[in-house]
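Peer 1: The primary structure of each chain is shown beneath.
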Amino acid sequence: MKDYLQSKLRHLLLLQLFLSFAAGAWAQNIAVTGRVTDDKGEGLPGVTLLLKGTTNGTTTDPSGNYSLNLPSGAGTLVVSFIGYATQEVPVNNRSNINITLAGDAKALEEVVVVGYGTQRKRDITAAVSNISMEDIGEVPASNVTRLIQGQAPGVAVKQKNGTPGSQFEVRVRGISSLGAGSNPLYVIDGFPVGTSVGQNLNPNEIESITILKDAASTAIYGARGSNGVVLITTKSAKEGKVNLSFSADYGIQNIPDSRKVTVLNGPEFAQFKKEAFIDRYRYVNNGKEPALEEIPLGFRFPEQTKYSTNWYDAILNKNAPYADYNLTLSNGKGPVKSVLALGYFKEEGTIIETNYDRISARANLTGEVNKFITVGLNLNGTYSRQRLANTDGRSAVVGSTLIMDPREPIYDDQGNLRPYIVGQDGVFGFPNPVFMLKNINRKRNIADVLSNAYVDITLLKGLKFRTAANAKVTFNNYNEYVPSTIGLPVQQGASGAPPRIATAFEDMVQTYNLSADQLLTYQPELGAEHHLDFMLGYTAQKETARALSGSANTFPDDLVPYLGAGSIRSAGSSEAGWTLLAYLSRVNYSFKDRYLFSASMRREGSSRFGTENKYGNFPAVSVGWRLSEESFMPKYAWLSDLKLRASWGKTGNNDIGNYSHLAFMNASNYILGNAFAPGKVVSQFANSELRWEKSNQLDLGLDLSLLENKIVFTAEIYRKLTNDMLLPIAIPAVSGFTSSLANIGEVENKGVELGLNFNTRIGQVNFRTSPNITFNRNKILAIKGENDMLWFGGFYGGYNVQKVGRPIGMIYGYRKLGIFNTQAEIDAAPKQDGAIPGSMKFWDADGNGVISYDTKDMVEIGNPNPSFTWGWNFSADYKKFDLSVLFMGAQNYDVYRNIEASTMNIDGVFNVLDKVKDRWRSPENPGSNPNHKNSQGGTVDWKWSRESSGRYVYDASHIWVKNVTLGYALPRFKSYIPDTRIFLNASNLFLITNYPGNNPDASIRGGNELNNDDESYPVPRTFSLGARINF
Amino acid sequence: MKKLTAISIFLLSLMQFSCDDDFLVTTDPTRVGSELFYKDQKQVEQALNGVYGQLQGITNTAYIFQEFTSDNTTLDFNPVDRGGAAGWEAFEFSTVNSGNGEISNLWNNYYSALYNINFALEKLSGSTTIDDAAKAPLEGQLKFMRAYYYFNLVQYFGDVVLVTTTLSKPDAAFALLRSPQAEVEAQIEKDLKEAIAGLPDKYNAANAGRVTKGAALSLLGKFYLTQKKYAEAVTTLKQVLPLGYALNLNYADNFDPAKKNGVESIFEVQYQGGNDLGEQSNFMYVFAPRLSGGSITGFANVTPSGRNIPTRDLIAAYETGDVRKDISLKEGYTNAKGEWVPTPFVNKYRHAHTLSGRTDNNWPILRFADVLLMLAEALNEQSGPTEEAHGYLNQVRSRAKLPEVRGLDKNIFRQKVLQERRVELAFENHRWFDLKRTKTPAELAQFMNAYAAKEKANPTVDRGGVIYSTLDYVYEPHEHVFPIPAPQILINEKLSQNQGY
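Residue numbers (our numbering), protein chains in the order written: chain A, 1 to 1031; chain B, 1 to 501.
Just to be clear, a hint being listed does not mean it is correct.
To be verified - Below, in silico cross-link-like pairs of lysine-lysine (BS3-like), each with a Cα-Cα straight-line distance of 30 Å or less:
#1 A:274 x A:346
#2 B:169 x A:694
#3 B:259 x B:229
#4 A:831 x B:416
#5 B:337 x A:274
#6 A:443 x A:241
#7 A:306 x B:337
#8 B:436 x B:330
#9 A:238 x A:371
#10 A:288 x B:416
#11 B:337 x A:831
#12 A:346 x A:438
#13 B:135 x B:190
#14 A:333 x A:318
#15 A:943 x B:416
#16 A:803 x B:169
As the list claims (entries may be wrong) - Covered stretches of chain B, as calculated for chain A (at least 3 residues, CB under 8 Å):
#17 113–123
#18 145–152
#19 181–187
#20 265–274
#21 281–294
#22 378–392
The hints are simulated quantities; they were obtained by calculation from the structure and are not laboratory data. Here the structure is a predicted model, which is why all the values come from computation and not from measurement. Ideal Cβ placement from N, Cα and C applies to all residues, glycine included.
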């Protein structure tokens, strides 16, 4: 019996073995292959396919292909991949199974970078806008600030001028300070680099940008958070993927005719001069006409004007090229993940002889030393060079082209550039702008090294410690040589012609910025319902800037444009710096994914503040309620997520000078005994009480997702109160000083932000659109001290006034009522001393019957703050094509077009705008629309035409067709041909506006002297063609 | 695990990172803190030098308020650039209103200088390291400067704010209001008397340019004269006579940079040109006609400002044979094209210099000739035109190669002295104060209107067809003082304004 059983067993075993071999043989026989793609058709590498119930499985290759041997045609494949919904696919005897994975509806697993860490998107209770570079697409950008334009509600990005390589101005939730700066804090990979991101960060190295808007998210940055925080994260390698990509973008820039300012040409200008002469002659001689011989020969016969020069065109580069090349190698396999990136950007400016180029290299490495320790190192080196020109203001290169005499040629008879155009017939003389651009050498070179290093140690389960050290070293070198051949703009007869004394200037500023963070985070395991994490941290930062400068003048010739060759030389050096240290803590808690709570506290000390107020506390708290998870909420299929959130926090602003609370001695020297006697005087009052500018912000938000995230809607309403504003208050001069810094004043910013993200699929077309709109109102609530108004600006150049009860930066001037037609009208009106028929009529604000020739009768004539700003993105893709269009605009705001005080100066000393043909000339000939707000008074006398008045205020509401990109993914015939995408892009394509200037965002004054346009570097339109290749 | 503990301990120890509070204390390494200064005599002397340094800035624009406002000078009218109309030009056309930027700068500069004087005086009197013998001349110089500034201020504005101590907090400034002129004048007198007591008669060559006893005496004499205290004026001014001053034989030597601080000079504001120290003056460039380029200045690539142009009225006032006329002014110049341009200009501060825009000329504040004429005036008012009074007047006239005058009656003598002051001290910033001192506000307005009528009928400089505004050249009695700057009243509403503005 035993034997029988044993032999049976043996048989069974053998049979089993045989069967298993056979099965194995059969398994080896049924090969299943296929490709796993995402819903865009892109191959997904690293996807796991498993035969259900077994351990038989495989993963897809870099192209998404897989190959698996199954024992039978039955069974189910379980296909899973992080971020995608797991699918179960029955084999059904197929040998080729292609699978498309859909994005996980719970892709709110997505993690967003926030201050000092990351947070799951679903847990965020603060107002945070996350921008991923993929959403932005191919935008030709030399500076990272260009990428944020139009992308996030509440963030207004203005391009003040078109200088190649320059930063744009970023404002988060309005201007909240009158005294300290209004720029947000920029943080690169966790390193707060300051209120300027500089020109040296290559936008192609960026993976995502998060903008922290409310106090709950920015309070963790303490006294630098009140203007918002822009978190920039550079690229990191994707898990398991190796990728080499190369992109090349080539484009041209120019100024379209619709955005050029039109002035008179040669014959028209001669005609204008003739008319002006005749009008003046008639006025002085009581209506008598001049004889032809009495008209100066220079414009007696306008039709015979020999030359006609368009100076503005002469300085423009007809098609300025730019090129952007980037090579990125990203390796996500193995214990050390790395991203290596090289970039080269080169741009010719739209004004000739200006350019910008930059070369950058980056290595981002992260490595697992063992299970407990991870280290990371980001190292970036960039070098940029800029050739600059002086382009701001009416006497600079751009402004002067509008007012120079068009009857003068650019070149002389031999074909050489004329260095100086001497004024004729009373017109001002000017240096030839083309000559200036070619001969004045102004260069700026900036070399940057930015490095972040950290060590993450997992001390216990859930307890992590990170120590990080960051450093940024910048060398910024500027040099300038103005040769003796450059003249000055002067009135006729005065001497401005070359040769003049040549000057040279050079400076080098070295900035060292170092910071160290120690962060301890603890995330206890509390089961599925509770999610809790704590963070405790300590950070210290120090910045020092050392400057060395030299200047020289009186050179023997222009052959050696270096300081050593000048006969009179002087040099100087200086040093300045600041330090800060802070203790931070934060707790995040969520219960059942339904109730969310977050609180943070930062205690910060800064060297910039008075001894009595060195430290400040910055708490913040925010809560969220996921209504869609509540049991009482009916489970609608279309409702994916509904979350309400509220936050409150206190942040600060420390952006005043480094040593403002101290009083120093300034030099005030004399001569005694015929020798130099050095002396000192006191510079300002010391203020030991100088403290933070405080901002309290309350924010309410709503996040709504519908139809499995096809529609995502976000709304915010906020109120930010800034008090203890750091202001130079005017104090009575009898104190010895005219102003002193103190913490006074209060400003309120409140607003609403709405953003919508909609994506859908219509047939074979994927369609996405995302509009956003921001309404922000600011109001000055108090300016303590004895004055309620702060005036900035000038009598002839436009005033910006800060007044209690009104928004920041209101434009002030005389209110224009019309143009005086006759002497009778002048006599009937309040006394305007010096007014003659043709003068503008102004309103008597104080009602005393006299228009006084100072600011007493000046009132609000414009509001530079828009009613709302908006952006709207459309993108669609169809098979291999994709198209994306971005619109953006601002509505209902004013700009003081200061340049028109010169370009509409009809004294005859400058060239004038085309529309001068429609000016008032006499009661019988008042122009087609003399009652128009911006009509030009015609006046024989100079008075009452150039004073700050409403005549120069224009509504700059506009709509930009900002970006249009058309892309095409080249078909791949063979697997060795790399993934290539080519794209066409048009940037700044159309501007729809009534504003007469080139750029409705132009402003040459800084700070809160808003929207004063005196011409600056024009903003071009760009067309480009590029390709991105993934190997 | 051991390895892990070791590493974590090591890293936690890294947290002991500059927890020092000193980490947050930084100061500007390029400047000295004011609380650290004024510790010893050398530093106080530097502070005094600083006070003198501010005098240069104030003197650079003083002509606008002391000469330009009068009938001595006008401007080289620029028909195409009307940018200055609301500012400095208003002083010529008597259209100064409280919003005028130049008045505001004047006020601010004076009080800034007074702050530093007060600060230095406080530190001096509280100092234990400086001995009294060294303190006296330093205090004397500071008090003279204070008195000089307040004397100018009351003549400019009438009642002004009197500040003799420094404030520790800016808020306290709001309580400071205008004191009656008499109070300020009492302070001036006190300061000058104390200065006289402490100042030396002379300094060695290394200290040439400092305030001397003679300067304090002369200023006090002028002060008494302005207050119509003729007896005191005479006694005070007579104390200047034995101090070693004398008239230069050559009138031109008073202004020659090669002969600075000479025997006739009582107090001059010091400058130095020809180098890069930043201590140069440039009066020539401000006073030369706009289109003269290098014809007057000697450097072609410059644009002079055309301010302070001698009027026809003044040119006509010089008697024939007066050597001072040609030294003080010229009636025209030859431009680069060789044409004669009949625009007159101030010649007193025109001397050769090596670097463009940097002249070496000092500015005379007090000269011995001034003292002699003041004595003549005071004696006349006190006891009539005595021999002695005539003597002083004639000393000045003789130097100018003019015939002496004899036996004039009181009124004519008075006019003669005023006229002599006009031509002797032309363009030295005396005329406006002389007119204010010798005329009542109503008389002054009448006088200036008469001048205006002449100037309008026959302008010294062609206006290029630009007509006068109706308010131009209309003098009213209240305009004998300037308005308090509007920004100051905006800041402190309690500050009062002068009548009429």
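Peer 1: Look at each hint and say if it fits the structure.
Peer 2: For each hint, the structure was consulted:
no., hint, in the structure
1, A:274 x A:346, "violated, 47 Å"
2, B:169 x A:694, "holds, 23 Å"
3, B:259 x B:229, "violated, 35 Å"
4, A:831 x B:416, "violated, 43 Å"
5, B:337 x A:274, "holds, 27 Å"
6, A:443 x A:241, "violated, 42 Å"
7, A:306 x B:337, "holds, 27 Å"
8, B:436 x B:330, "holds, 27 Å"
9, A:238 x A:371, "holds, 19 Å"
10, A:288 x B:416, "violated, 49 Å"
11, B:337 x A:831, "violated, 45 Å"
12, A:346 x A:438, "holds, 19 Å"
13, B:135 x B:190, "holds, 18 Å"
14, A:333 x A:318, "violated, 48 Å"
15, A:943 x B:416, "violated, 42 Å"
16, A:803 x B:169, "holds, 25 Å"
17, 113–123, "holds (count 5)"
18, 145–152, "violated (count 0)"
19, 181–187, "violated (count 0)"
20, 265–274, "holds (count 3)"
21, 281–294, "holds (count 4)"
22, 378–392, "violated (count 0)"
Checked against the numbered hints above, the structure violates hints 1, 3, 4, 6, 10, 11, 14, 15, 18, 19 and 22; every other hint is satisfied.
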